[in-house]
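Q: Residue strings, one per chain:
4 protein chains.
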Amino acid sequence: MSKIKVGIVGGTGYTGVELLRLLVPHPNVDVIALTSRTEAGRPVAELYPNLRGHCNLAFSDPSGPEIADCDIVFFATPHNVAMQTVPDMIASGQRVVDLSADFRLRDAAQWSSWYGEPHAASDLLAEAVYGLPERNRESIAKARLVACAGCYPTAVQLGFLPLLEAGLIDSNSLIANAASGASGAGRQAKVDNLLTEITDSVKAYGVAGHRHLPEIEQELAVAAGGPVKLTFVPHLLPTIRGIHATLYATITGDCDDLQALFEHRYANEAFVDVLPKGLYPQTRSVRGSNTCRIAVERPQNRDTVVVMSVIDNLVKGASGQAIQCMNIMLGLPEFTGLNGIALMP
Amino acid sequence: MSKIKVGIVGGTGYTGVELLRLLVPHPNVDVIALTSRTEAGRPVAELYPNLRGHCNLAFSDPSGPEIADCDIVFFATPHNVAMQTVPDMIASGQRVVDLSADFRLRDAAQWSSWYGEPHAASDLLAEAVYGLPERNRESIAKARLVACAGCYPTAVQLGFLPLLEAGLIDSNSLIANAASGASGAGRQAKVDNLLTEITDSVKAYGVAGHRHLPEIEQELAVAAGGPVKLTFVPHLLPTIRGIHATLYATITGDCDDLQALFEHRYANEAFVDVLPKGLYPQTRSVRGSNTCRIAVERPQNRDTVVVMSVIDNLVKGASGQAIQCMNIMLGLPEFTGLNGIALMP
Amino acid sequence: MSKIKVGIVGGTGYTGVELLRLLVPHPNVDVIALTSRTEAGRPVAELYPNLRGHCNLAFSDPSGPEIADCDIVFFATPHNVAMQTVPDMIASGQRVVDLSADFRLRDAAQWSSWYGEPHAASDLLAEAVYGLPERNRESIAKARLVACAGCYPTAVQLGFLPLLEAGLIDSNSLIANAASGASGAGRQAKVDNLLTEITDSVKAYGVAGHRHLPEIEQELAVAAGGPVKLTFVPHLLPTIRGIHATLYATITGDCDDLQALFEHRYANEAFVDVLPKGLYPQTRSVRGSNTCRIAVERPQNRDTVVVMSVIDNLVKGASGQAIQCMNIMLGLPEFTGLNGIALMP
Amino acid sequence: MSKIKVGIVGGTGYTGVELLRLLVPHPNVDVIALTSRTEAGRPVAELYPNLRGHCNLAFSDPSGPEIADCDIVFFATPHNVAMQTVPDMIASGQRVVDLSADFRLRDAAQWSSWYGEPHAASDLLAEAVYGLPERNRESIAKARLVACAGCYPTAVQLGFLPLLEAGLIDSNSLIANAASGASGAGRQAKVDNLLTEITDSVKAYGVAGHRHLPEIEQELAVAAGGPVKLTFVPHLLPTIRGIHATLYATITGDCDDLQALFEHRYANEAFVDVLPKGLYPQTRSVRGSNTCRIAVERPQNRDTVVVMSVIDNLVKGASGQAIQCMNIMLGLPEFTGLNGIALMP
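Protein chains in written order, with numbering that gives the first Met the number 0: chain A, 0 to 344; chain B, 0 to 344; chain C, 0 to 344; chain D, 0 to 344.
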């Protein structure tokens, strides 16, 4: 079988290089294009020396012809980029996996209010499939446009889903205390992300309102079959990778065995690993892998259930999940190219 | 005025060396004894080279005569040590500041159930004053025995106090999501605390039940004037120092201005700094200092209030707080020897 | 072709789990045994959760029958273990790849003086092949017993080899200033390796004499065709993985183009990457990969040449190199199972 | 005695805030001015929350009147700033302590070749006193303009001085392998200094030629009484603070007891601590303090001597040393305001 031609728009960021780390050895695809406005002409291995000897691609200009030749195009761009060009790509028969936030919200007005500008392709919002395979596998398979779930939203949703789908918790008072490594902020020259500013420290941010909040509430509402209210507090960790979400909810239904509930829900999921009772996940156990590890606990047997959920924000929270979606779109086994073992220690 | 003679029992751990860092330059005390069963005879500066040139003390055996000569004795020991010898010290007229957990719970049976052994000095539990100056300043001044508040309990209580004292929140569904640097685990040779095991990672632990839970619930109940139920989830951070507590509560009372509530509550506290509205604390901003920095937020103006509270677990969470208590016991200004500025970056 | 049966003696340490990470997906081998005296019966994925879903092996007792069934046995043990049982294995027709120091020195007396005990299998020292493929590929192919090069020795030798083989430097005054991440110290419960003791800090150690010194001098002497004197100063870095060796030598021969010398020497080596002139290697660029990246510089065009050489101490410095040796012993392409791309960021 | 009025030009960087941390509690000075072009009007405690409650200063514009009122002015600026305005300050009777590189080299042409622009105040180069108190105490006392020694130069010179002053080593083949925490690169928005780019990694930089090289050679030549050739290789460490210099030299003279040589040389120096034989310094042992800790070793009793020297780059390598110089200029005890104990752990 001939290989699928794949392109990456916006390849200088961390999700871009992570797509390459995973796609270059992927047996069914050829990455033929990698764009960057600022680095056009420069070999990607110059920017990311880990790719030396593995990838000879040079960045090309986004306006060049290379991308037009691709069967599938990944967008590893900041928001407000994909929505400018995706409509034309879809129209010309290409399929798109967007890692950015452009097509995650179904309501254009809501998108505008959180991102501060009008949506440039609101016609596509209804069609875009939310790229969380553990919820939307069938729709992803047929999708022309997949809007990959965000990093925090992936960790938070996978933790809440078993409880909400089973109607066991009060969906009106959910709490997600989440923490991310610094790669979540991308590869941007900002004082706030210097090692000297954030190592050996921790802080909350975006407490008054983070852009991942509406995305999580929107999707959890579907799972819950009704409105969801979430208090979402992200924190910045002095690590490179990793998201740890600690979730709290009030139990309102009957459940003798939360552990079994979680194990059943994810029994057939290749990338969700429910830990044995009493063990809690560490972010390092998923470093570089596409796995989400989850534990559930009911402290003191009181009314509050606690779920811990960890992912690598650059893999299951971004590039790995995008490739998982691509595999589904192509009818490949979901774990193709994604079965690398996490780096530990 | 002649200097107060001070001794430290159990000086090899991190709270021990931190007591020395702060007490050696303290203008009103002389540290004359420092004990260690395992290191007796060894100069402390050999173990902690930062003390070279500042402190010539050598460890002495706990059974030796040096401690008996002290006016005030600090216990920087694991639990189950202080309660063996404190009764005799009190009887002989010495005053004790215990940094361990031995005298923090008022109920001996509860202590036994959490610490797995009978309490050896339950007679003193009623007399021991809980060492959180922002609550118990007057009692500390007269105390013979102060049981210093634990590290997590300090950060959590200072965050909840304004809300509970004002009766604004549901005391039955409190949540404390807290995270500590690795020095909180002490200086013990354990695989779990190796750099290779915990750096570049984060995890929750003790979710089913942590020993700081009953201490926090006991003290918050006093502030609330009734029973308190807390879900307490501690996490291990890849940092040396620092506790970040993110607190969640359901607002049940009326309050137009949470910011003002917090600012008023701590207006006269030298070591509690309420940040301007919209700013959130970083643990590094208190590194090495006795300050607790706090912020309060009500996301989306919904029913859940979020409080962020940071301390240096070895200072305001242990040795600094112990010295603050000592200053109060001696009638000195509380900040004597404690006005060092945090190290940043 | 049926798969080769492989066993690992001493699988609880970091080189053990790293062998598993690389061998489990290896297409030509089956890991059928993994021993540990202390953890016998326990699933390895309990100790190393990154292996959950990838490896169902449980530790077995070293005295059990499993190891006897293996075609090739890896020793991932501290020194003084392999030499006790390797002679019997070799006698019974098994081939051995020893990651420990037991068979690296050819002189039993020298071994004894550095390791403080008599050598238990000195008869095998002459036969053991030093496992640095870039020097000894042909001998490794036929070897019954390979003594894998140590971590520092690998980085240091690969850096000096082009210069020494070409006779360009004074072999009597070599300097290797090397630094290693904490995983080089293994997974041992020692206060010295706690995060609190070594993060945000750096120190030299073993300056008066480190056990890797005689190994490096022995092998470089072969390359130089005469005695070699090295000053070797290792340092401990606050990182998990990675060795950075900065090498200094006095140029005594003529060489117009050091860059070309290095590029030629390693032109056919899959795992040695000479960087373009003016670029210097970062340890993160080899994190998790079997690559050694090297740069050479002659500052101010004076007489001192500087070589920088980085490896992942657990991969090219241990488990990856052992598998590279195994591939050679089995006649497989050297990069089989070893072409993973380094994790960056 | 009335307090000395002190100003800081360029207060937004890490050496600026570190000057404040040390000067605010200093008993003999008042910081009355703190300038920043970009942050004029903003309270410094907004930028550096560790100063909240300790320092009410706001940044003022450098062209404002505040600086003119100061008795002593510190420059905590990048190079090429101080030399523009220092001549006028000196002319008007102010004394200047420059932490930048502007007045460290005595040869204007050499300065130009390393810094890429003409020197704007070459007339002052002859008068400027090189601010390394352990060499130039008497000149500093009388100086109008002190050019503080750089961070690497301080660690390297203090390590080599005893050997060079005693004529024991070949001054023609010195090697300084040095490594610095990321604060040495300042508080600049650069991708290269992001946590994601440099944590859990190490690299060399500036190998072909670093600006600290001519400064070190110039000053060591004075100590050696003749020309000095140094190979200087700096490395970037994944730490906030700390410089570790590992120095190598060939012994050419007779010395039975290198340990005694170092101890004698620094017997009267408050801020240089020669460790007992066999102990090596860690950077954390000087974190936040003005101390330089040194060890000397002669491995295998061969011809190469190894010196290890550690400082906190922001204290003894910058702001602490500047204050030490100021104390000397004012006739105060050198340790005034500088006797804080390093933060450990």
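Please keep in mind that the hints were generated in silico from the structure rather than gathered at the bench. Misleading hints may appear alongside valid ones.
Treat identical chains as interchangeable: a pair holds within one or across any two.
Taking lysine-lysine and the DSS-like style, the derived pairs with C-alpha atoms no more than 25 Å apart in a straight line are [stated by the list, open to error]: (1) Lys189 - Lys2; (2) Lys141 - Lys189; (3) Lys141 - Lys4; (4) Lys276 - Lys4; (5) Lys228 - Lys276; (6) Lys189 - Lys276; (7) Lys2 - Lys141.
Q: Next, verify each hint and record whether it holds.
A: Each hint tested on the structure:
Taking the shortest alpha-carbon separations for Lys189 and Lys2, neither the intra-copy value of 39 Å nor the inter-copy value of 39 Å comes in at or below 25 Å. In this assembly of identical chains, Lys141 and Lys189 lie within 25 Å of each other by CA distance neither inside one copy nor across copies; the values are 40 Å within and 42 Å between. Taking CA atoms no more than 25 Å apart as the test, Lys141 paired with Lys4 passes inside one copy only; the shortest distance there is 18 Å, against 43 Å between copies. With identical chains, the CA atoms of Lys276 and Lys4 are never at most 25 Å apart, being 44 Å at best within one copy and 34 Å at best between copies.
When the C-alpha separation of Lys228 and Lys276 is checked against a cutoff of 25 Å, the pair qualifies only between copies, where the shortest distance is 24 Å, while the shortest distance within a copy is 28 Å. Proximity of Lys189 and Lys276 under a CA criterion of 25 Å is satisfied inter-copy only: 23 Å between copies versus 41 Å inside one chain copy. Only within a single protomer do Lys2 and Lys141 lie at most 25 Å apart by alpha-carbon distance; the minimum there is 19 Å, versus 39 Å between protomers.
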